[in-house]
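Given the coordinates of chain A, work out where chain B should sit on it, guided by the hints.
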Amino acid sequence: MNAPTDRDLILRARRGDAEAYGDLVSRHQTSVFNVCYRILHNRADAEDLAQETFIRALDRLHTFDLEREFSPWIRRVAANLCLNHIESHKSTAPLDEERDEDKTQGPSEQVEVKERSEQIRSALASLPPHYRLVVELRHYQELSYDEIASELNIPLSDVKSHLFRARKLLAEKLHASD
Amino acid sequence: MHLTNEQLNEYLDNASTERAFIETHLDSCDECAARLSAFQALFTDLDSLPEVTLSRDIAALFRPRPSLAPQLPPWLTLTASLQAAAALVALIIAIPFFSVMLPQVEAPSFTTWFFEIQSLWTSWLDTLSTFQLPTYQFTNLPTYPVELSTLFIALAVVSIFWIFGNGLLLRNRHS
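These protein sequence lines are chains A and B, in that order.
Here my numbering is used: the first residue of the first sequence is 1, the next is one more, and so on.
Here my numbering is used: the first residue of the second sequence is 1, the next is one more, and so on.
With the rest of the complex left out, here is chain A (with noise of 0.2 Å):
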């Protein structure tokens, strides 16, 4: 039998078939996740936010338009919640040392990779919120600065110049960490 699709299981979610809704969230929790992490770069504050998406997504589940792919949807709606928390606390948290396992290879590869996104992931960390945000879009995400610009409410110079500006911060990083 073939899985259900997620417009399957957002149709019975809306339902209230709380066991779809689990489903979907199951499907795209580890990316959502992943969107937290790379802006906020803490572990406990990521997954709190994952959560918090994913309760605001049902809240407004009967007002997604079936006709868009919801993890894109729900991705953004992951990245303006860490936007909102950024701005909401200022004092930032004690970023994670966390590293980065990738079980195909082999021990000192292993390490080298652990090293390179480390330092990947504190050269984003680095970054002022909003160059976080906007490189979260323009890379994870995919999306135009026409998109960005329109998802953000921000002017489409804005992106622009954000999106460059945290480029250039982050070759220079991680150049100089090389």
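Treat the hints as calculated values from the structure; they're not laboratory data.
Backbone N, C-alpha and C fix where the C-beta goes; we use that ideal spot for every residue, glycine too.
Mixed in with the good hints, there may be bad ones.
[Stated by the list, open to error] Across the chosen pairs, the derived CB separations fall in these ranges:
#, chain 1, residue 1, chain 2, residue 2, range
1, A, E69, B, D27, 32 to 42 Å
2, A, H62, B, G167, 40 to 50 Å
3, B, A156, A, H62, 57 to 67 Å
4, B, T53, A, R68, 52 to 62 Å
5, A, S157, B, D47, 21 to 31 Å
6, B, L91, A, A18, 38 to 48 Å
7, A, L11, B, H2, 24 to 34 Å
8, A, A18, B, V157, 43 to 53 Å
9, B, T77, A, A18, 54 to 64 Å
10, B, A84, A, E87, 56 to 66 Å
[Said to hold, decoys possible] Per the computed footprint, the stretches of chain A lying under chain B, defined by three or more beta-carbons under 8 Å from a beta-carbon of chain B, are:
#, stretch
11, 5-12
12, 15-26
13, 51-60
14, 110-119
15, 161-170
[Claimed, not checked] Only part of the chain A face toward chain B is listed, based on derived beta-carbon distances under 10 Å:
#, residue
16, Q29
17, V32
18, A125
19, I154
Leaving out everything else, chain B in the frame of chain A:
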């Protein structure tokens, strides 16, 4: 004249309206080509960031929780049955005692008590040495083939068993 960072970024984002001009320039300018390579390396770095796994299952929060009955393990269901049986046995043991003891206990009325208290108060010092609490004599108590103390110990054990069983049931409900 070299390409600007904005031109290079837009080119990599497929948002440039002057792609042909940029490509022609890159073919002849090593410096701009190197800057483009640096940006491409950054894109590769960002794309290579692996996904991190969650430490808890968020989906479980949204799934319906099964009711208490199916959660009970078989041994706990057995405990509940044994509790009921033990309570029934305790009740059967206690009934003959209460049926004999209760009718013999005469509860004095309020006025009688009041009168007695007044009398005691007025003659307190004189009667203190001779005052005795009213005693009741129980007759026709049922007899069991076991010692009465053994029965009380059995009742105490049943009570402890009852409290322990309830504790287990409540803990299972909260978990």
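These are the hints, each one checked on the structure:
1. In this structure the supplied range 32 to 42 Å holds for E69 (chain A) paired with D27 (chain B), their Cβ-Cβ distance being about 38 Å.
2. In this structure the supplied range 40 to 50 Å holds for H62 (chain A) paired with G167 (chain B), their Cβ-Cβ distance being about 44 Å.
3. Range check, A156 (chain B) to H62 (chain A): about 60 Å between beta-carbon atoms, so the 57 to 67 Å window is met.
4. The supplied range of 52 to 62 Å is broken by T53 (chain B) and R68 (chain A), whose beta-carbon atoms lie about 27 Å from each other.
5. For the hinted restraint 21 to 31 Å between S157 (chain A) and D47 (chain B), the CB-CB distance of approximately 26 Å keeps it satisfied.
6. About 43 Å separates the C-beta atoms of L91 (chain B) and A18 (chain A), a value consistent with the hinted range of 38 to 48 Å.
7. Taking the beta carbon of each, L11 (chain A) and H2 (chain B) are about 55 Å apart, not inside 24 to 34 Å as hinted.
8. Under the hint 43 to 53 Å, the C-beta atoms of A18 (chain A) and V157 (chain B), about 44 Å apart, fit the expected range.
9. Separation of T77 (chain B) from A18 (chain A) is about 27 Å and departs from the stated range, judged on CB atoms against 54 to 64 Å.
10. The beta-carbon spacing between A84 (chain B) and E87 (chain A), approximately 59 Å, falls within the hinted interval of 56 to 66 Å.
11. Counting residues of the stretch 5-12 of chain A whose beta-carbon sits less than 8 Å from any beta-carbon of chain B gives 0, not enough to reach three: the coverage restraint is violated.
12. Only when three residues or more bring their CB closer than 8 Å to a CB of chain B does the claim for the stretch 15-26 of chain A stand; here the count is 7, and the claim holds.
13. Counting residues of the stretch 51-60 of chain A whose beta carbon lies closer than 8 Å to any beta carbon of chain B gives 3, which reaches the threshold of three, so the coverage claim holds.
14. As drawn, the stretch 110-119 of chain A meets chain B at 3 residues by the rule of a beta-carbon pair under 8 Å; at three or more, the given contact holds.
15. Here the stretch 161-170 of chain A counts 5 residues with a CB under 8 Å from a CB of chain B, which clears the bar of 3, and the coverage holds.
16. Of the supplied interface hints, the one on Q29 (chain A) holds, with its beta-carbon coming within about 5 Å of a beta-carbon of chain B, less than 10 Å.
17. Using the Cβ-Cβ criterion of 10 Å, the hint placing V32 (chain A) at the interface with chain B is satisfied: the shortest such distance is roughly 8 Å.
18. A cut of 10 Å between beta carbons decides the hint on A125 (chain A): the least distance to chain B is about 12 Å, and the hint is violated.
19. Using the Cβ-Cβ criterion of 10 Å, the hint placing I154 (chain A) at the interface with chain B is not satisfied: the shortest such distance is roughly 16 Å.
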